[in-house]
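For the record, the sequence lines run as chains A and B. Using full-length UniProt numbering, read the first sequence as starting at 1 and increasing by one per residue. Using full-length UniProt numbering, read the second sequence as starting at 1 and increasing by one per residue.
Just so you know, these hints were derived from the structure itself, not from any lab. Hints should not be assumed to be uniformly reliable.
Sample of chain B residues at the chain A side, in silico, Cβ under 7 Å [as the list claims (entries may be wrong)]:
(1) Gly383
(2) Cys912
(3) Leu994
The beta-carbon is built from N, C-alpha and C at its ideal position, and this holds for glycine as well.
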Amino acid sequence: MMASSYSAKDEDGHITVSGPGGGTLRNKKPENTAFKQQRLPAWQPILTAGTVLPAFFIIGLIFIPIGIGLYVTSNNIKEFEIDYTGDDTSSPCYNCAKNFSWNNTKSCTCTIPFQLDQPYESNVFMYYGLSNFYQNHRRYVKSRDDSQLNGNIDSLKKPSKECEPYASIDNKPIAPCGAIANSMFNDTLTLFYNDPNGTSVPIPLTSTGIAWWTDKHVKFRNPVGTNSNLTAVFQGTVKPVNWHRPVYELDTDPENNGFINEDFIVWMRTAALPTFRKLYRIIQKKNNMAPTLPRGNYTLVVDYNYPVRSFEGRKRMILSTISWMGGKNPFLGIAYITVGSVCFFLGVVLLVIHHKYGNRNNSANISN
Amino acid sequence: MLRRRLNRWFGGEDRRVGSRTIYVGHRPCPANEVFIPPKFCDNRIVSSKYTVWNFLPKNLFEQFRRIANFYFLIIFLVQVIVDTPTSPVTSGLPLFFVITVTAIKQGYEDWLRHKADNEVNKYRVTVLEDGRRIQKESEKIKVGDVLEVEEDETFPCDLILLQSSRDDGTCFVTTASLDGESNHKTHYTVPDTERDVESLNATIECEQPQPDLYKFVGRMHIYKNNEEPSLRSLGPENLLLKGATLKNTQSICGVAVYTGMETKMALNYQGKSQKRSVVEKSINAFLLVYLCILVSKALVCTTLKYVWQSKPGQDEPWYNEKTLKEKETNLYLNMFTDFLSFMVLFNFIIPVSMYVTVEMQKFLGSFFISWDKDFFDSEIEEGALVNTSDLNEELGQVEYVFTDKTGTLTQNNMEFIECCIDGHQYKYRDASSEVDGFCVTDGPMNTVQQKAGREREELFLRALCLCHTVQVKESTEQGQGQDGRIDQVDGLMVDGQVVPPLQEQRGFIASSPDEIALVQGAMRYGFTFLGLESKTMKILNRANDVEMYELLHVLNFDPVRRRMSVIVRSISGETLLFCKGADSSIFPRVKQEEVEKIRMHVERNATDGYRTLCVAYKHLTAEEYDQVDSGLREARLALQDREEKLMAVYNQVETGMNLIGATAVEDRLQEEAAETMEALQGAGIKVWVLTGDKMETAKSTCYACRLFKRNTELLELTVRTLESPGKRREDRLHDLLLEYHKKTVQDAPPAKTRVARNWSSQDYGFIVDGATLSMVLNSSSENNLHDYKDLFLQICQNCTSVLCCRMAPLQKAQIVKMVKNSKGSPITLSIGDGANDVSMILEAHVGIGIKGKEGRQAVRNSDYAIPKLKHLKKLLLGHGHLYYVRIAHLVQYFFYKNLCFILPQFLYQFFCGCSQQPLYDAAYLTMYNICFTSMPILAYSLFEQHISIEMLLENATLYRQIGKNAMLRWGPFLYWTLLGVFHGLVFFFGVWFLFSNPALQDNGQAFGNWSYGTIVFTILVFTVTLKLALDTRHWTWINHFVIWGSLAFYVFFSFFWGGVIWPFLRQQRLYFVFANMLSSVSAWLVIIVLILLSLLPEILYVVLRKPRGPYARQKLVQSSAGGIQSPRSSARPLLMRTFSDESNTVS
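One chain only, chain A, in its complex shape (with noise of 0.2 Å):
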């Protein structure tokens, strides 16, 4: 009876399991069940040349027409792009660029002519990028306080350590909190259309839709006070360091101001890449008879606010028409019909080798 209870030792703290014990198997027939005999039904697929050859054709059937639809849809969508960062003399903003201070009360202004070679027929999507800029730098993306964007009054009175340095001031909190509210995109874009007739018209610009709506609905909430009254809730809270205006002033809209302004959801979705675009604002389309851009001169009005020449950024701004596989992207295009392409020559090359191969097999076999 002893040695039954020894035989479980083990002697460092290793996870060895020391086999089923012995006692309880002697003198007991193992059970004849499929699983215990490891001989549980199977389905043994055998990859052959025979069962792969098909596949692969049918994939590279497959793939190509998809990669060209894809192409030829990449290729339709009408982008056109405007680097407006100002750091050349030629540049009709190097002067707001060149002269940019923090302490600037006045905005500059500076604007860009521009042409469109050919009607934008559908919605136009209005985004600006930024290159260069670091929005995926680790102290960069943890530097938010996400309880505080969803209302939390506590949070909104004591900021996370996450949001350091951008936390508070003079022991006042900020509100909204950490590097990346701070460093909000703040130029302002305007688009006129210069009329045949030299009439400057400006483009209706939509700022609502441009974020995700359960970021707009559910992630970020204003915070609720006694009040309904946005400036009494943030009340005792400052503005970030950099903005121009606080939080609650940022558009006149009550459903799209503070907190759940989309131009700031848009902003605190931080990008992936260091070169990257947001939506800035969507060129609705009016009457399905004239195009939402027709072809002809533009403006490009921009207040200068937002400094790149400091860390070498770019800017840019992007108008561009959307398909149902989203923006301008050739790569997917290109990546289906080499895909299909690659599968459909080793199928050919396959089906060569099988042939010769599968006469040597038989006759091997003749021989045997």
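Starting from the known structure of chain A, fit chain B onto it as the hints suggest.
This is chain B only, laid out in the frame that chain A set:
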């Protein structure tokens, strides 16, 4: 010298010197001036490791002693202390899980041990104290207490038997729980103590505790009222071991000599040394590589980070300022913490979960061996036994099999075949008259042809009846109405005629089956051994008279002397010595003129594969006897070197004997022994037979097992071949070694062509005996010119099979060790059934015990135990092969999947300013190895059968494909690593290209960094799982369930995790990221195309490799079929052909 080493081997290295003195019943003895009660440990058995108080610290300490656990602890601590990219939870949780599960398991086991300990320790025992009987708890027993034990009770500690309720001062015990031998063993009381236990005044002097169950020396001083103390020697026959059970005896009294942890039983259970498998060594090597990768990755990133930061405006742009604390810290300290942070970020490349999975796989996998009904033997009603689960995969790597002969290759079921008396052959046959070269064999029932004189015949048969240690089994259990020996004798007397069937039922118990066979053989010729009763042996002779002999001394058998003797005194007062033993040990000790007549018979019998024993006798004169008697008594009383002294006396007595005859006993081959050996050889395994038996017998067994074939050229290196006129044995040895070496090594075709060796080139068989072996092994120190050991090893390795005969147990272990440590360190397996195989079972990488007839010691010390030799085939070719493939794949897959898991994270550092930003969310980092990808590989590693078991057994050559750790060499490792790198690159850069325009939704909205990570992670999980699916050749419903279930679980979890704002999370990073990803067609498209692109090379590899599969296999089969020269080989190719046809139709 050998003897001494043998002693050391069995006695344990650290045998304590000195002896202990025990006062029986704690009564002071007159001889001692001062009575100092000696201090011994109490009788508490402590098998548990922990107490409630020290469990936590001790267990944690033990767990963190393991290098992997320690590594993870360090990573965890770094995460806690340093500001690192991932939260401590990501590595803390898995580690905590592993540690907790292990602690719970060990705690539970310890609790069981506590329970078992308590049961034993609190057991009520009866102690005789001052003439009263006192009930005590077992743990309170002290050395010197006199205990009373009743029938069917277990002895609570090691006792010296003082008094028995049986008249003859014996008692019977069974040691089933100690060594598994269920027969009743007789133990004897110390003479003169029987009557007066209550008033006995004695001290016992005995050796310090030592673990050998079968060895005990001590002496007892008995003091009687002022008389000179009398001295009695004590041996193992007086010692009752703790754990043994009293049988057939009402009660006994004994004095405790060893208690608690000093009992032989407790000393014997101090665990075996742990064996580690090659796979584990490979894992460690791979770990080292990955550790280097990890460190270099961290170094590269740290360097790049500081290079990048040195550019103006990059380190601290206006939008991303450092905190005050960060600014103030020293640059070098920062560098160091950055390095640590990178280590932490990439540490998932070495996963905790791999250890858990490997252990689980081994533990669960070993159940399949014990569940296998093919291993069930209906005779002993037992299946296979798995003593360790650490070595499953080692079974698939065996290159050398060392097998015992008796009981392993052969059945150890002896049958008396014939005998030879004075050169006349007697064969027991039902009805036949056969003429051979020597004599007419004629065997009518129970009558022996009167060839030799009747006198000699009867002497021979008496010798057979007397010279043994056989007991007659009391047949009460069989319920045949034969209550004791006396009744049976009466029955026989009444019957008058001896009826053979009844005789056959008489049960004999002996330590060796040869003895039983001999006694039964004698019985057939009319001499029946009736039993031993109080030192008197009774024999029923041909005339149905009972002859009585007083048994004076038994000169026990031992493997060095290779003979045993008894000294008996007949009624007429004649003192006779009967001796039986191996021919080599008897012939030099008898009168030479008698030898020649017998030698021819012995040799012929040996070549027939029979075991031969020679029988001799000697008349002892009264003086001679007195001398022997006193010599023996003196030697037996010696405390030091008792064995050597006894040996000297034995050797002195057993000289000048008269040879009477020889016996031949057949030891039949185990079922399917030849087929098994053939299969093993087909599998490329070299089989060495290590036996203590004589060369001729062993050789014939080898032929019978087809280890040697007709065309095998035998190279002999034995005492016989060394004997050559005019040459020293050393020189001759030298010449022979060089000659054989030239033949086998230098002239052998180069290794490449040797693959198809089976039919093309010459097979060599090598025979060596113990004496020559020790010459070879010991020569290297003296003779520096030629390292015989090396030559010898090279010869052996180039022979298909090697036979080592006349081996002592220690030499068996030496051989195993020699091969084990030779170049390439091949994996060895020892298989045996007896106590003499234990040393080689322990020495080899894998030890297999046969649940045979020679007790349980081999089984107890083995790693796996099987009922029969034939089961070895399935154990190695079936289970071993599968386990190896499974675990090798498991290991490679684990490294691969973590490499392609972490590589994108590493690459991401180049795009985030080397800021240690993790690519994946913490939840994904943590769950990847625990939930998303662990189950499919576990299922694979338990159920995969890439080739069905039947086919593995049919084609032994398949075993060669995985030999030499084929799947875990650097080649395959490189392949898997490159695959991981390729996958990692595809995942990362595929998505990178996609994110050149992050506006991926049809409403123009853009994706952020967490979407990037989630897309990469989704591709990763699917690719890695589908890769495994591609590798799976055997899809049971469990595989289906687990593979598709894992993927479904991943999707479900991602929805769930992203669908809720978790109050305990500081950042809601993944909120609706997964759902948004799925709403993007581009994301779908990229996921599909990247998965396919990743798997393409794999599919291609499988396809390109596969068509060659059947062809190659067919070739292998052909070559192996050609090698088989047995009559059955004609049937084989037919089988093969159908098989290869089949595989053709499939392709």
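Here's how the hints hold up against the structure:
no.: 1; hint: Gly383; verdict: holds (5 Å)
no.: 2; hint: Cys912; verdict: holds (4 Å)
no.: 3; hint: Leu994; verdict: holds (6 Å)
Consistency note: the structure conflicts with none of the earlier hints.
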